[in-house]
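Chains as they are written, first to last, in my numbering: chain Z, 1 to 281; chain X, 1001 to 1277.
FYI, nobody ran anything at the bench for these hints, they're computed from the structure.
It cannot be assumed that every hint is accurate.
When the alpha-carbon atoms are kept at most 20 Å apart in a straight line, the in silico EDC-like pairs for lysine to aspartate or glutamate are as follows [unchecked claim]:
| # | chain 1 | residue 1 | chain 2 | residue 2 |
| --- | --- | --- | --- | --- |
| 1 | Z | Lys163 | Z | Asp122 |
| 2 | X | Lys1244 | X | Asp1067 |
| 3 | Z | Lys163 | X | Glu1184 |
| 4 | Z | Lys163 | Z | Glu27 |
| 5 | Z | Lys76 | Z | Asp122 |
| 6 | Z | Lys76 | X | Glu1184 |
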Amino acid sequence: MLEITDLVKEYPGGLRALRGVTLNVTEPQVVAVIGSSGAGKSTLIRCINRLVEPTSGSVKLGGQELTTLNRSDLRKARSHIGMIFQEYNLVERLTVMENVLSGRLGSVSLWRAFRRNYPPEDVANAFELLDRVGLTGRQDDRADALSGGQRQRVGIARALMQKPNLLLVDEPTASLDPKTSRQIMRLICELAHESGTPALVNIHDVALAQASADRVIALNDGNLIFDGAPGDLTPEVLNDIYGEEDWSATIRKDDDDAENAEPEAPAKQAKPPSRNGTVGK
Amino acid sequence: MTPPAASDATRGAASARTTWSRPPIFFTTPAARYAFWFLIAAYLFWSSSTLNIDWVRTAQGLPRAGDMLARMVPPDFSRSGLLIRGVVESVQMAFAASFIGMILAIPLGLAAASNLAPRPVYLAARSLIVLSRTFHEVFIAIFFVKIVGFGPLAGLLTLIVASVSFISKMIAEDIENMNMGQIEAIRATGASFPKLLLYAVQPQVLPRYLGVCIYRLDANIRHSTVVGIVGAGGIGATLSASFKRYDYDFSLAILLTIIALVFIGEIFSTWLRSRLR
Chain Z
1 MLEITDLVKE
11 YPGGLRALRG
21 VTLNVTEPQV
31 VAVIGSSGAG
41 KSTLIRCINR
51 LVEPTSGSVK
61 LGGQELTTLN
71 RSDLRKARSH
81 IGMIFQEYNL
91 VERLTVMENV
101 LSGRLGSVSL
111 WRAFRRNYPP
121 EDVANAFELL
131 DRVGLTGRQD
141 DRADALSGGQ
151 RQRVGIARAL
161 MQKPNLLLVD
171 EPTASLDPKT
181 SRQIMRLICE
191 LAHESGTPAL
201 VNIHDVALAQ
211 ASADRVIALN
221 DGNLIFDGAP
231 GDLTPEVLND
241 IYGEEDWSAT
251 IRKDDDDAEN
261 AEPEAPAKQA
271 KPPSRNGTVG
281 K
Chain X
1001 MTPPAASDAT
1011 RGAASARTTW
1021 SRPPIFFTTP
1031 AARYAFWFLI
1041 AAYLFWSSST
1051 LNIDWVRTAQ
1061 GLPRAGDMLA
1071 RMVPPDFSRS
1081 GLLIRGVVES
1091 VQMAFAASFI
1101 GMILAIPLGL
1111 AAASNLAPRP
1121 VYLAARSLIV
1131 LSRTFHEVFI
1141 AIFFVKIVGF
1151 GPLAGLLTLI
1161 VASVSFISKM
1171 IAEDIENMNM
1181 GQIEAIRATG
1191 ASFPKLLLYA
1201 VQPQVLPRYL
1211 GVCIYRLDAN
1221 IRHSTVVGIV
1231 GAGGIGATLS
1241 ASFKRYDYDF
1251 SLAILLTIIA
1261 LVFIGEIFST
1271 WLRSRLR
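Required output: the full structure, derived from the provided sequences and hints.
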């Protein structure tokens, strides 16, 4: 589904954020991307939809090479790649509904977009998604009237409005409290699995990554240095990724989490059983 | 598995200090600071001694000023037709210039925003704005009077130039201060540039844009009274003529009218802006 080969990004000034990353995602799974700040996580996902232009290498999505597309084909490709951000990045002065519908901007005409006159099926889909993310009835609120967790739910709905064949998720929980973080992460994973969409999720919270992702990859200084099942993240691996630190607290918490939430998934590609809890408000 | 202990050591050594003062920003030594104040004082002394302020002439001017003020009262409103015609012309100039200016300023403002426009377009637009802001309205008015002749058309063109450069500079700066995350998010949906303007730029910029336009309308009402003095129409032309003919009582009537006009403009723009929040 997603094939990244030898992806290199060198910023003007010589900073090499990615030094030849190769990654294949062959089935709809949630892939957590971990690594310390500056390791290249944000650059990696932005090089996929070319919000950041990669220096060299190849990115193929569904067989289509993205790095060589011209502007209009790139826009078409972007319209099928959903993106979720750390700071939610909602257009704050627009209503919740406008923000959700903006996920369709790649496929409606300029005039319809200007008139806010979206096709009925898009509007129906938007209302459905608002229900699904737990924001029933909030369509007319302005985005800046919502709390952080609610804004991120709108961000998720906007990304899913695109009917994406890939979700790029950049630190979705870094600005949220621990409980909301877990709810948001669970929501993203559920929706990705339901719609059969692969997702790349940059995340700092190792415990949360282990608890929710199907697969974990790690970047260090622009290199992919780990690719495996969440359970394979041992203190030694974490030392490689982040540097020497005492990981016992982090790991122990994970073990508790794993015991309570789900039986240990043995195969790294196994789809985790969907968690029974519905999305909290 | 061994957390670094170096930071604890430094903390221990530094804990004996109980005083702290802000590191200097401009002057690194007290000598430089004293030298600076000395130079200021020396300059003030030198400039006051070379300006040739003639106290005798200033003193002679005082009774003349009193004479002029005495001839101003009571204000003469008898030529109200002339007065009203001038005022209406000024207000018309101000409104038309503000409206045309706020529309022309949009493309120029977009072109002058470094985070949206390509580099050459940005530089061209910025230079145009800087160039048109270089000269005071009165100079531009003199220029237009030479080109299109006396009358309100010259004043209108002057105010349009001034409005466009002012509003577009404000828009450009506001666009540059936008939250780029929102731009990135809309761009990531596959939106084209016009859709990006519609969904990410316009919502962020519109309230301030309208505020600036209303402020400019207020400013145009004031400037429209000035450009008349150099022959560009409006109440200013009437004022200048009355001074030349020593009709000081009529001058005062015009001045009072201008004050009233500016007050009304100020009240109107404050009211309108308060409605925009």
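CA of Z/Lys163 to CA of Z/Asp122, is that 20 Å or under? Answer holds: Z/Lys163 to Z/Asp122 is near 10 Å, not above 20 Å.
Hinted pair Z/Lys163 and Z/Glu27, Cα distance within 20 Å: 17 Å, holds
Does the structure keep Z/Lys163 and X/Glu1184 at a Cα separation of 20 Å or less? With a Cα-Cα distance of about 19 Å, the restraint between Z/Lys163 and X/Glu1184 holds, given a limit of 20 Å.
Below or equal to 20 Å on CA atoms is what counts here, so check Z/Lys76 against Z/Asp122. 17 Å, holds
Run the distance test for Z/Lys76 versus X/Glu1184: straight-line Cα separation, threshold 20 Å. Roughly 16 Å separates the two Cα atoms, so the pair holds.
Given the proposed pairing of X/Lys1244 with X/Asp1067, does the C-alpha separation stay at or below 20 Å? With Cα atoms ~16 Å apart, X/Lys1244 and X/Asp1067 stay inside 20 Å; holds.
Checked against the numbered hints listed earlier, the structure breaks none of them; every hint is satisfied.
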